[in-house]
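Novice: As you go down the protein sequences, you meet chains B and E in turn. Numbering of the first sequence is given in numbering that gives the first Met the number 0, commencing with residue 0 and proceeding in unit increments. Numbering of the second sequence is given in numbering that gives the first Met the number 0, commencing with residue 0 and proceeding in unit increments.
Hint data in this document are derived by calculation from the structure and do not stem from the laboratory. All C-beta atoms in this analysis are idealised placements derived from N, C-alpha and C, irrespective of residue type, glycine included. A few of these clues could be false.
Just the calculated beta-carbon pair ranges, DEER-fashion [claimed, not checked]:
#: 1; chain 1: B; residue 1: E100; chain 2: E; residue 2: A59; range: 18 to 26 Å
#: 2; chain 1: E; residue 1: R117; chain 2: B; residue 2: T72; range: 41 to 49 Å
#: 3; chain 1: B; residue 1: S81; chain 2: E; residue 2: T205; range: 26 to 34 Å
#: 4; chain 1: E; residue 1: K36; chain 2: B; residue 2: G170; range: 52 to 60 Å
#: 5; chain 1: B; residue 1: E100; chain 2: E; residue 2: K60; range: 15 to 23 Å
#: 6; chain 1: B; residue 1: G143; chain 2: E; residue 2: R142; range: 24 to 32 Å
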Amino acid sequence: METPLIEFRNVVKGFGDRTILQGVDLKIYRGQITTLIGKSGTGKSVLLKHIIGLLTPDSGSILFDGKPIENMTKKELNDYRSRISYMFQSNALFDSMTVFENIALPLEQTTRMRKKEIKTKVMSRINQMELHEVVHKYPSELSGGMQKRVALARALVTDPEIVLFDEPTTGQDPIRRNSILTMIAQYKKKFGFTAILISHDIPDMFFISDRIILLWDGKIAFQGTYEESTSLDHPMIDEFLASLEGFQDELTGLLSKQAFRTRYDSILRRKQKEKTFAAILFKLELDHMCEIMGSELAFQSLRSLGEYISKQMDSKGGFSARQSTEQILTILPYTGMEEAQNMLNDFAQGLNRLLVCNNQAGSTDDGEHEVCGFEINVYAGVTESKSNEEIEKIIIKARAVENIIAQYRCESRRELEREKV
Amino acid sequence: MKTTGQNSTLMSPFNYIGRQALIAVNSLGASAIFFYKSFEMIFRSKQITEILKQVYHIGAKSANIVMLVGLFTGMVLGLQLYYALVKLGSEGILGSVLALSLFRELGPVLTAIMVTARAGSSMTAEIGILRITDQIDALHTMRINPLRYLVSPRIAASIISFPLLTAFFNLIGIIGGYLTGVLLLGVNSGAYFHRIQSSLELSDITGGIVKSLIFGALVSTICCFQGYFTHMREESSGARSVSISTTTAVVLSCVLILISDYVVTSFYI
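Just chain B, same shape as in the assembly:
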């Protein structure tokens, strides 16, 4: 079996009379996004601070690549710490330094890079994070979301192997929250780091997490995938999942993944009689969209799509939820295949009309669309399912038949003028 990158063995930590971690055992694997969840004040940040060495355990040990940290030589420890970055809950930006100086500091102080090299590297991170407008501003002059991005840029500038995110999305609006989480997922894909994050933002963080660790009363109540967590019969997990039931996906206004599953089970799976129904899977190419139009606009589009789906499908008795960052599944329990196909056609026509209107309205904006010249496609696939089928299987079936149902072309002004001529 794969050696965990980081392993906690019976770690105990207390402050004064209070024992925060009461024998924590956990494993974090290379290249995965592991999310740490749990109530406030259960010691999630304390746990994270043990990994980077800001705190040391009272007893127990922490292993990195199978080697206990406490037995490492000074050089090994330095090497270990050089592989980790930490993004603080409060961002912890240096408030007397500009954005540029903040991001450059770790390179200036811990590497032998020349000034010019540092500048190139910092500027590339600044551009990736869309921070070029605020390079010379101080953190206090930035919005909360921008401060987060500066903190993220600073955490990633040293090309770390492990990045620890302490509540990166707390206090952000749904669009910004999803944008930050997607950014983490994208960078993880791009740079291949291992991410460990603390998040309260359920369900958003489920979409990007490979593994979930639940900290409860100072111990690990569960560690595994989201799917494993739902099937586990554990009173703490039940309590935790029950607390998610009421959650709505704030970004799209649709059901949360958990609430969707519960409704699916109660309406279709628990029925004695087998029933056939239609399901539609909608998809946006979010990664591509983030690249061409920025993550904020991309998530606004996803939100609009979610709202439109809700408006069109809920009235027909359907219910929908995001199944991954960019996929929305709609179950139509009282609709047959043919009717669903017709519904989708109507939906597509309506959506196309809407997009054309938007495009025309957008093209009158001065200068704003000079950078245009791209296409956004909305994909959808409709499939027939039986009530005993797993949701994952429905998604696979729908993906196999998906097509472009609507397209948004953002044409540059020059192209529009050419068309007019």
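Let chain B serve as the given structure and place chain E on it in line with the hints.
Specialist: Frame of chain B; chain E shown alone:
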């Protein structure tokens, strides 16, 4: 049980004194280690820029206030000493009394107290705020040793700046004494300067410099130490703890300047 109760009442002042003594000894030990660790990092690479920045903040920016205080100290000494010496008929030695008191005592002590008030308090407040807003932890996570990055340059800059500022203070003090003693009260100008030159010995000057070096190390260590461990204060937290740390740093620095002044003087005489 009653006896035990009485015993504990009787013993409580001793318990209190014992506890306070232990805390004092602990803090003293911790400060010494803090100073040693920071001092050895002064000579690491990449320190020179930070040290120069701090010399500017602690030294150059304090020069005006130090010179102003020096001028008025010299002027008031000129007045007071003249009236005292005139009673003995020896106003001619005004220059030597004024210079000796300035070089040996007032220069180093008043400069140190002024710089503590101006730069020492800002050191504590700045480092304290960095501490309570997680910025020191952030330095740790980036493998930047906060002692090297924040404390060492301040200690080095203080050790460099204090003697220079003391020299400024002494010079301006002599000019202040000249203004009142010579120009206002009519002491002979030649006698004033001749007395200064003839009475001042090298040991007076080096004694003053040694004092200012010690004060520099002392003030910067205390002020940085108080700021650095702001979060460990049990009686308060957050902004309040920064304010208490700053007050403690200034009071403690001033008291220790005077105590160490006595100790050093007793060695030099």
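Novice: All hints are to be evaluated individually against the structure, with a verdict given for each.
Specialist: Evaluated hints:
no.	hint	in the structure
1	B:E100 to E:A59: 18 to 26 Å	holds, 22 Å
2	E:R117 to B:T72: 41 to 49 Å	holds, 44 Å
3	B:S81 to E:T205: 26 to 34 Å	violated, 46 Å
4	E:K36 to B:G170: 52 to 60 Å	violated, 37 Å
5	B:E100 to E:K60: 15 to 23 Å	holds, 21 Å
6	B:G143 to E:R142: 24 to 32 Å	holds, 27 Å
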